[in-house]
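2 protein chains.
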Amino acid sequence: MIDRFKVTAHNSTRVEETALRETVRSIFTACGVSPKDADTATDVLVTADLRGIDSHGVSNSLRGYVQGFHDQELNPTPEWRVVRETPGTANIDSDAGLGIMVAPRAMEIAIDKASKVGVGTVTIHNSRHLGMISYHAMMALPHDMIGMTMSSCPVNVNPTFAAEPRLGTNPIAIAAPAGTEKPFVFDAAMSVVPANRLIWALRLDQDLMPGWVADDDGTPLMHPVPPPELGDDGIPQANILPLGSTHELGSHKGYGLMAMVDILSGILSGGGYGVKPGRPTFNHYVTAYNIEAFTEVTEYKQMMDEWLVMLKNTKPSPGHERVLYAGLKEAETLADRKSNGIPLHAEVLSWFDTACQKLGVENALQNRF
Amino acid sequence: MIDRFKVTAHNSTRVEETALRETVRSIFTACGVSPKDADTATDVLVTADLRGIDSHGVSNSLRGYVQGFHDQELNPTPEWRVVRETPGTANIDSDAGLGIMVAPRAMEIAIDKASKVGVGTVTIHNSRHLGMISYHAMMALPHDMIGMTMSSCPVNVNPTFAAEPRLGTNPIAIAAPAGTEKPFVFDAAMSVVPANRLIWALRLDQDLMPGWVADDDGTPLMHPVPPPELGDDGIPQANILPLGSTHELGSHKGYGLMAMVDILSGILSGGGYGVKPGRPTFNHYVTAYNIEAFTEVTEYKQMMDEWLVMLKNTKPSPGHERVLYAGLKEAETLADRKSNGIPLHAEVLSWFDTACQKLGVENALQNRF
Numbered sequence: 001m002i003d004r005f006k007v008t009a010h011n012s013t014r015v016e017e018t019a020l021r022e023t024v025r026s027i028f029t030a031c032g033v034s035p036k037d038a039d040t041a042t043d044v045l046v047t048a049d050l051r052g053i054d055s056h057g058v059s060n061s062l063r064g065y066v067q068g069f070h071d072q073e074l075n076p077t078p079e080w081r082v083v084r085e086t087p088g089t090a091n092i093d094s095d096a097g098l099g100i101m102v103a104p105r106a107m108e109i110a111i112d113k114a115s116k117v118g119v120g121t122v123t124i125h126n127s128r129h130l131g132m133i134s135y136h137a138m139m140a141l142p143h144d145m146i147g148m149t150m151s152s153c154p155v156n157v158n159p160t161f162a163a164e165p166r167l168g169t170n171p172i173a174i175a176a177p178a179g180t181e182k183p184f185v186f187d188a189a190m191s192v193v194p195a196n197r198l199i200w201a202l203r204l205d206q207d208l209m210p211g212w213v214a215d216d217d218g219t220p221l222m223h224p225v226p227p228p229e230l231g232d233d234g235i236p237q238a239n240i241l242p243l244g245s246t247h248e249l250g251s252h253k254g255y256g257l258m259a260m261v262d263i264l265s266g267i268l269s270g271g272g273y274g275v276k277p278g279r280p281t282f283n284h285y286v287t288a289y290n291i292e293a294f295t296e297v298t299e300y301k302q303m304m305d306e307w308l309v310m311l312k313n314t315k316p317s318p319g320h321e322r323v324l325y326a327g328l329k330e331a332e333t334l335a336d337r338k339s340n341g342i343p344l345h346a347e348v349l350s351w352f353d354t355a356c357q358k359l360g361v362e363n364a365l366q367n368r369f
Numbered sequence: 001m002i003d004r005f006k007v008t009a010h011n012s013t014r015v016e017e018t019a020l021r022e023t024v025r026s027i028f029t030a031c032g033v034s035p036k037d038a039d040t041a042t043d044v045l046v047t048a049d050l051r052g053i054d055s056h057g058v059s060n061s062l063r064g065y066v067q068g069f070h071d072q073e074l075n076p077t078p079e080w081r082v083v084r085e086t087p088g089t090a091n092i093d094s095d096a097g098l099g100i101m102v103a104p105r106a107m108e109i110a111i112d113k114a115s116k117v118g119v120g121t122v123t124i125h126n127s128r129h130l131g132m133i134s135y136h137a138m139m140a141l142p143h144d145m146i147g148m149t150m151s152s153c154p155v156n157v158n159p160t161f162a163a164e165p166r167l168g169t170n171p172i173a174i175a176a177p178a179g180t181e182k183p184f185v186f187d188a189a190m191s192v193v194p195a196n197r198l199i200w201a202l203r204l205d206q207d208l209m210p211g212w213v214a215d216d217d218g219t220p221l222m223h224p225v226p227p228p229e230l231g232d233d234g235i236p237q238a239n240i241l242p243l244g245s246t247h248e249l250g251s252h253k254g255y256g257l258m259a260m261v262d263i264l265s266g267i268l269s270g271g272g273y274g275v276k277p278g279r280p281t282f283n284h285y286v287t288a289y290n291i292e293a294f295t296e297v298t299e300y301k302q303m304m305d306e307w308l309v310m311l312k313n314t315k316p317s318p319g320h321e322r323v324l325y326a327g328l329k330e331a332e333t334l335a336d337r338k339s340n341g342i343p344l345h346a347e348v349l350s351w352f353d354t355a356c357q358k359l360g361v362e363n364a365l366q367n368r369f
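Heads up: the protein sequence lines correspond to chains A and B, in order.
Everything in the first sequence is counted per the working numbering, starting at 1 for the first residue and increasing by one.
Everything in the second sequence is counted per the working numbering, starting at 1 for the first residue and increasing by one.
Hints may contain errors.
One copy or any two copies: either way a pair holds, since identical chains are not told apart in the list.
As the list claims (entries may be wrong) - DSSO-like cross-link-like pairs, simulated, lysine-lysine; straight-line CA separation at most 30 angstroms: (1) Lys276 - Lys315; (2) Lys276 - Lys182; (3) Lys329 - Lys276; (4) Lys276 - Lys312; (5) Lys276 - Lys301; (6) Lys182 - Lys116; (7) Lys312 - Lys182; (8) Lys36 - Lys276.
If you are wondering where the hints come from, they were derived from the structure by calculation, not from laboratory data.
Using the sequences and the hints, build the whole thing.
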């Protein structure tokens, strides 16, 4: 399992966005997904690749989804439904459908509610992986709304002072529109690093940084350590630390934020928390705030632009070229990859060849440029 | 300024809650605050003291408020008003009134909206200090709702890679009810430490921990350093780091969360962001989620209890007695201080004597037990 992931710097090829979309869509439909859901799921994955969030794009995620459909752990045709609803809220049973297919529908409902009563919040239970969670938050942007997403994940993070993991990496995303500047788009696990970062370290044969994981007894490891092996499920065998790493550096804050995500996504939705026996792997939360319900949109956008320009013009500390804000680098990568293609590793391209052959679909990536 | 704060471990006296409330209320009314607002402000301050959040109780905060009324920087009789409203949202002009007086009214509005449309969000601009921000979130608890609070604060935290401060410590609070367990109440600055922690270190003559502040050029200081001096405004002259401290430990996440608070509290409300020239010192955000709008309240409470018991029964790591969840220790302190009184330092008791004399009000704390 490890060898196939070994990465060398010069072993990737750029592929056209349209070809990648075509192939990914074909793979989803070959797995039994409807054309509409396949379009949505493809857009979530390829948008991650376009924005440079490769950890949540086709390379890492798609093969797991294909396996999940094959193992009947994922429902390719979820009959998701709203189980409870008010003018500003809804709770959705995702019917074991992937978050990347169901959450965009939930966000559409939240946006519709926000257009009517100013704010819309939708929880999603009995669900599966949400992909790059900022995708769903970003759906609010063209509506002049602010979007938020949270996802309660399987457990691999230790609470502060704990000897065992009790929470998922539980990411939070927020997307806020601007005028002429690139929108603010924040998307981060509330653990010090996401689980994917440990897999990445294993592939690159890098030590983990001090403060990323705890020892078997829960003591934070404040020196470099070798990356953990992966379990049979592909999950790193590690006690990841909350954002803040140690109590002195505020790990109780990362712990509290992960707990907040479990409450709003898992418990409020009735879906269950991380270590609850029999809990589905993921539960989610989305919210849309209609800017016009609070202030004039033009004034808001003017102030956002002013604020974002202030942040990016901030004097950098020595050794750093510039100060970024969340979403800025991703917008730059998007522009590059739209024009010049999306880099995929040779191993990923070879996986596409094999998968397409096995599923009997055409692989548009064979016409790479 | 520094000497008066020097603390010795055995130099405090426990005072009765009722006596403290009486004196604090008298001080507020002597500053021109209405009886209703004085009751509210007193409850916010004394609740912080009862829960052991001494940094936001009477000791640290009240003298600043009295000075603010004297300097006319704080409006003792704010004519706050809703400037925009929808069924699920409102935006309030706080008329330079203290957050501890106006935000509880905003939360009442949010709770009322949540009871009607499932969720209520209220922003507050042109405001002042919010006190212990979880107070306002906790107002949702008796209504079987989940409460959230955020506050965009004056600037003293550096963004990741920045040589200069651009954000406030921007705290986030969430309060979620349980059944028989103590409620989950999280309340934390999104910087690695709140500004008050540096003042505390100065009082105790303690070095700051590695990872708390940056050098003058913005480089994170990863070794112990002496506490910074206070400026004329009583604010520590330091570049505080975001939660995460360094980029490797995820400081871009603390930075992103502080930015989220600036957007939802400051920019969405039209009040302005941290370093905007002429910006009022604080802008806020409150939300209430009606649990019944998402799921059965009894089922929610049963699952919350189960989850909280699981967290507090988690095996602790070596050197730690137990694993806590946010709000648990505070509930224990509350029970103790309700019965045994609130410990106040001699210097604080002496300040009360002087202040009461100056304002011509009776000091009920002279009957301490």
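Going through the hints against the structure:
no., hint, verdict
1, Lys276 - Lys315, "between (47 angstroms within a copy, 17 angstroms between copies)"
2, Lys276 - Lys182, "between (40 angstroms within a copy, 20 angstroms between copies)"
3, Lys329 - Lys276, "between (38 angstroms within a copy, 24 angstroms between copies)"
4, Lys276 - Lys312, "between (43 angstroms within a copy, 15 angstroms between copies)"
5, Lys276 - Lys301, "between (43 angstroms within a copy, 15 angstroms between copies)"
6, Lys182 - Lys116, "within (27 angstroms within a copy, 36 angstroms between copies)"
7, Lys312 - Lys182, "within (11 angstroms within a copy, 43 angstroms between copies)"
8, Lys36 - Lys276, "neither (33 angstroms within a copy, 45 angstroms between copies)"
Violation of the numbered hints given earlier is confined to hint 8; every other hint is satisfied by the structure.
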